[in-house]
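Undergrad: Make the full structure from the sequences, and use the hints.
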Amino acid sequence: MSWIDLIGFGEHGRGAILLWATGMTLAVTAASLGIGALLGSVIAAAKLSASRPARWLGDAYTTVFRGAPELLIIYLVYFGGSQAVTAVGQWLNYEGFLGLPSFLAGAIAVGLISGAYQAEVYRGAYQAVSRGELDAARSIGMGTMLRFRRILAPQILRFSLPGLGNVWQLSLKDSTLVSVTGLAELMRTSQIAAGSTKQYFLFFIVGGALYLVLTTLSDRVFGFAERRVARSFRHSLGRH
Amino acid sequence: MDFDVAFLLSTFVKLVAAVPMTLGLFACSVSLGAVFALGITYCRVSGGAFLSVFARAYVFVFRGSPLLIQMFLIYYGLGQFPAVRHSLFWPVLRDPFSCAVLALALCTAGYQAEIMRGGLQAVPSREIEAGRAAGMSGLLLFRRIIAPIAIRQALPAYSTEIILMVKSTALASLVTVWEVTGTAQRLISQTYRTMEVFLVATLIYLLINFIIVRVMALVEYRLSPHLRERPVSASDGGRQGEVHG
Chain A
1 MSWIDLIGFG EHGRGAILLW ATGMTLAVTA ASLGIGALLG SVIAAAKLSA SRPARWLGDA
61 YTTVFRGAPE LLIIYLVYFG GSQAVTAVGQ WLNYEGFLGL PSFLAGAIAV GLISGAYQAE
121 VYRGAYQAVS RGELDAARSI GMGTMLRFRR ILAPQILRFS LPGLGNVWQL SLKDSTLVSV
181 TGLAELMRTS QIAAGSTKQY FLFFIVGGAL YLVLTTLSDR VFGFAERRVA RSFRHSLGRH
Chain B
1001 MDFDVAFLLS TFVKLVAAVP MTLGLFACSV SLGAVFALGI TYCRVSGGAF LSVFARAYVF
1061 VFRGSPLLIQ MFLIYYGLGQ FPAVRHSLFW PVLRDPFSCA VLALALCTAG YQAEIMRGGL
1121 QAVPSREIEA GRAAGMSGLL LFRRIIAPIA IRQALPAYST EIILMVKSTA LASLVTVWEV
1181 TGTAQRLISQ TYRTMEVFLV ATLIYLLINF IIVRVMALVE YRLSPHLRER PVSASDGGRQ
1241 GEVHG
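Read top to bottom, the protein sequences are chains A and B.
Going by this note's numbering, the residue at position 224 of the first sequence is 224; the numbering climbs one at a time, nothing skipped.
Take any residue in the second sequence, count from 1 to its spot, add 1000: that is its number in this note's numbering.
Hint data in this document are derived by calculation from the structure and do not stem from the laboratory.
A virtual CB, placed ideally from N, CA and C, is assigned to each residue, including glycine.
Any given hint could turn out to be false.
Said to hold, decoys possible - If you want the ones that stay clear, here's a sample from chain A, every Cβ over 12 Å from chain B, calculated:
1. I17
2. L19
3. G34
4. V42
5. V129
6. D135
7. L146
8. A184
9. I205
10. R227
Unchecked claim - Incomplete in silico selection of chain B near chain A, CB under 8 Å:
11. F1012
12. V1013
13. V1016
14. V1019
15. L1068
16. L1073
17. Y1076
18. Q1080
19. A1170
20. T1194
Unchecked claim - Now the in silico label distances, taken between C-beta atoms and shown as ranges:
21. B:E1220 x A:S51: 26 to 36 Å
22. B:V1053 x A:A50: 47 to 57 Å
23. B:A1027 x A:M142: 31 to 41 Å
24. A:S51 x B:Q1080: 50 to 60 Å
25. A:M142 x B:G1118: 34 to 44 Å
26. A:S130 x B:G1118: 20 to 30 Å
27. A:W20 x B:G1118: 35 to 45 Å
28. B:Q1080 x A:G8: 16 to 26 Å
29. A:L157 x B:D1004: 41 to 51 Å
30. B:E1129 x A:R231: 33 to 43 Å
31. A:V221 x B:I1151: 29 to 39 Å
TA: Right, here's the structure in full:
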């Protein structure tokens, strides 16, 4: 069987399953970006808050999750989560081991890491918002929530777009480590295909090429979004 | 999970014994990566069209694909070919440690090359012109003018890359190198106490990174005396604000 059959879409080809796995990689990365966005905005708020314990907690979070190896965080979430689920199971009189679903564990673990990086992105974006605009909003009588909704949030989202692009690329690569939990994403699927056909070189090259396609496409998408968003800055940039 | 101090301590001691392996992976791959990166940066900035395309392609491939797949490609992929197994490189490619170092070095070289290029681009052209006007050229110009400015510019990004590399050494455990993460997994298979062992391992990585961050901050401090406040002496203490304002 030639290599083209192996990666093709025929009877013995792995093409379809590799494409499915690429979709799974995208799905787990997208889920982790969502979880990270929630966590990241809370942590950024903590780091910017006036309360000293909140700032300390925020700093501790970003230090730990940016300083510990991604692989260990994934192990901790997967095994820790499974232990917790098993404990709940025993409490509900279910005997035996219950595993945390690997998609969920992977998305949470990569999301925890992504949250630490996103917190820094949002913090930077907040600090880039012109103080004058906030003062102006206050002076015409906007309350905290209204200021947040009308002045802060729109600008923070725009300023953080380039940083979010970087975080997305990081998470895409971190998602390969989720393969250790057995989730059939691109890394794991390439590994299985390589092992069962003994064509290691071929399938790791193909897997690597698919990752390159993903990172290049995401680069394009974020580039497009940034240009789109830049339109709204054209008139305001000179005035800061 | 009960809190067993004696177990945590003994785990800590066993994992610390694997720290030299982690640091060995780290030091070998960062320095080998720096050598590769110098070559790539040279290709990118001073080579012809062909070398420049090679440098761009290298950076694109190694920054765009995940490290784990690069490592598996080198460790499992290359060994598949009889030609490789019979070549002179086989003693290197057969050994998990050297494969892990090679993969880490090739990957970080892509990132380091971009950092070096950024540092070089930050050197103001008027400084280079001034150097030339004073009669410097070639290596002397590089050593006296370009390198000092470029290194200072690149240092913060370089520190970040170094921290990422410490974390990346954990992946070597997946190609059977017994560094801290691999040793942690072996301890778990003996004791079945997953959380405690992984938490102690995480703590060790955080300590290593903390020390590296401190060292890099010290290096940055030493290399930037021109950005620091001058020590206040009796005669010019009052003018401090004017000088730096």
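Undergrad: Compare the structure with each hint and give your call.
TA: Structure-based check of all given hints:
No Cβ of chain B approaches the Cβ of I17 (chain A) within 12 Å, the least distance being about 17 Å, so the stated non-interface status holds. For L19 (chain A), the shortest C-beta to C-beta distance to chain B comes to about 17 Å, beyond the 12 Å cut-off, and the non-interface label holds. Listed as outside the interface, G34 (chain A) is consistent with that label: its C-beta sits roughly 21 Å from the nearest C-beta of chain B, beyond the 12 Å cut-off. Interface exclusion of V42 (chain A) from chain B stands, the closest Cβ pair being 22 Å apart, more than 12 Å.
With a least beta-carbon separation of about 24 Å from chain B, V129 (chain A) lies farther than 12 Å from that chain, consistent with its non-interface assignment. The claim that D135 (chain A) is not at the interface with chain B holds, since no C-beta of that chain comes within 12 Å of its own (minimum 25 Å). Taking the minimum C-beta to C-beta distance to chain B, about 38 Å, the non-interface status of L146 (chain A) holds against the 12 Å cut. The beta carbon of A184 (chain A) is kept farther than 12 Å from every beta carbon of chain B, the shortest such distance being approximately 15 Å.
Distance check for I205 (chain A) against chain B: the nearest CB is about 7 Å away, which does not clear 12 Å, and the non-interface claim fails. R227 (chain A), annotated as away from the interface, keeps every beta carbon of chain B farther than 12 Å; the closest lies near 21 Å. Of the supplied interface hints, the one on F1012 (chain B) is violated, with its beta-carbon coming no nearer than about 15 Å to a beta-carbon of chain A, more than 8 Å. For the restraint placing V1013 (chain B) at the interface with chain A, the shortest Cβ-Cβ distance is roughly 19 Å, beyond the 8 Å limit, so the hint is violated.
Restraint check, V1016 (chain B) versus chain A: the minimum CB separation of about 16 Å is more than 8 Å; hint violated. Look at V1019 (chain B): its Cβ only gets to about 13 Å from chain A, farther than 8 Å, so that hint breaks. Hint on L1068 (chain B) holds. Least Cβ distance to chain A is approximately 5 Å, under the 8 Å limit. Satisfaction of the interface hint for L1073 (chain B) is found here, the shortest Cβ-Cβ separation to chain A being roughly 4 Å, below the 8 Å cut-off.
Annotation: interface hint on Y1076 (chain B) holds; nearest CB of chain A at approximately 4 Å, less than 8 Å. At a threshold of 8 Å, the smallest CB-CB gap from Q1080 (chain B) to chain A is about 5 Å, leaving the interface hint in force. The criterion of a C-beta within 8 Å of any C-beta in chain A is met by A1170 (chain B), whose closest approach is roughly 4 Å, and the hint holds. Interface restraint check for T1194 (chain B): the shortest CB-CB distance to chain A comes to about 4 Å, inside 8 Å, so the restraint holds.
Taking 26 to 36 Å as the suggested C-beta distance range, the pair E1220 (chain B) and S51 (chain A) conforms, at roughly 31 Å. Between V1053 (chain B) and A50 (chain A) the Cβ separation comes to about 53 Å, which falls inside the hinted range of 47 to 57 Å. At about 55 Å, the CB distance of A1027 (chain B) to M142 (chain A) disagrees with the hint of 31 to 41 Å. A hinted range of 50 to 60 Å for the beta carbons of S51 (chain A) and Q1080 (chain B) is consistent with their spacing of about 58 Å.
As the Cβ distance of M142 (chain A) to G1118 (chain B) is approximately 41 Å, the hint placing it in 34 to 44 Å holds. Restraint check, S130 (chain A) to G1118 (chain B): a C-beta distance of roughly 28 Å satisfies the suggested window 20 to 30 Å. In this structure the supplied range 35 to 45 Å holds for W20 (chain A) paired with G1118 (chain B), their Cβ-Cβ distance being about 38 Å. Distance hint check for Q1080 (chain B) and G8 (chain A): the Cβ-Cβ separation is about 20 Å, which falls inside the suggested range of 16 to 26 Å.
Evaluation of the 41 to 51 Å hint for L157 (chain A) and D1004 (chain B) yields a pass: the beta carbon distance comes to about 47 Å. Checked against the hint of 33 to 43 Å, the C-beta distance between E1129 (chain B) and R231 (chain A) comes to roughly 38 Å, which is consistent with it. As the Cβ distance of V221 (chain A) to I1151 (chain B) is approximately 35 Å, the hint placing it in 29 to 39 Å holds.
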